[in-house]
Amino acid sequence: MRIGGIATLEAVHCKREASVLEAALLMRKHHVGDLIVVDEVAGALSPVGILTDRDIVVSLVAEGLDATIIEAGDIMSPELLAASEDADVHETIERMRFKGVRRMPVINASGNLVGIVSVDDLMEFLAEEMTELSRISLRQQSIEKQVRK
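Using my numbering, you'd call the opening residue of the sequence shown number 25 and step up by one each time.
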């Protein structure tokens with residue numbers, strides 16, 4: 025399965041020049057704990073970082089800084105780990121585990137933002153796969169009962 029098939033395709037994002045207050049308001053409006061920070065290049069969105077609610081608390085609120093002055097790009101996590109929309113689910117899980125990240129932007133072949141994948145998305149996908157796997161024995165028993173009537 026490709027990661028693009030389970031990613032959330034409408035990733036909430038902001039430009040790096042957005043104030044942290046604007047970013048926080050976007051998080052609140054969309055009920056998310058992170059934003060993909062992007063640069064717009066020729067009309068396409070290119071991810072450059074990720075900003076989490078934790079980044080805001082630790083880097084801004086705890087320091088008593090003004091959220092209307094500080095930009096998202098100033099406190100975002102700049103080491104961005106992204107997944108290609110064509111990447112394998114298991115490969116993506118391994119990369120996330122190795123780097124210790126819970127969310128990754130999903131990009132196309134041109135490096136443009138197409139979505140985001142989170143640990144929650146992956147757990148839901150794997151739970152559905154496990155449920156389908158558990159149905160094999162029940163189906164086998166059902167078929168055997170019909171055959172041996």
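Where hints are given, some of them may not hold.
Stated by the list, open to error - Listed next, the in silico DSSO-like pairs over lysine-lysine satisfying Cα-Cα at most 30 Å (straight line): (1) Lys123 x Lys53; (2) Lys39 x Lys53; (3) Lys123 x Lys39.
Hint data in this document are derived by calculation from the structure and do not stem from the laboratory. As the structure is a computational prediction, the values presented were derived from the model and not from experiment.
Going down the list of hints, with the structure as the test:
1. Lys123 x Lys53: holds (29 Å)
2. Lys39 x Lys53: holds (16 Å)
3. Lys123 x Lys39: holds (24 Å)
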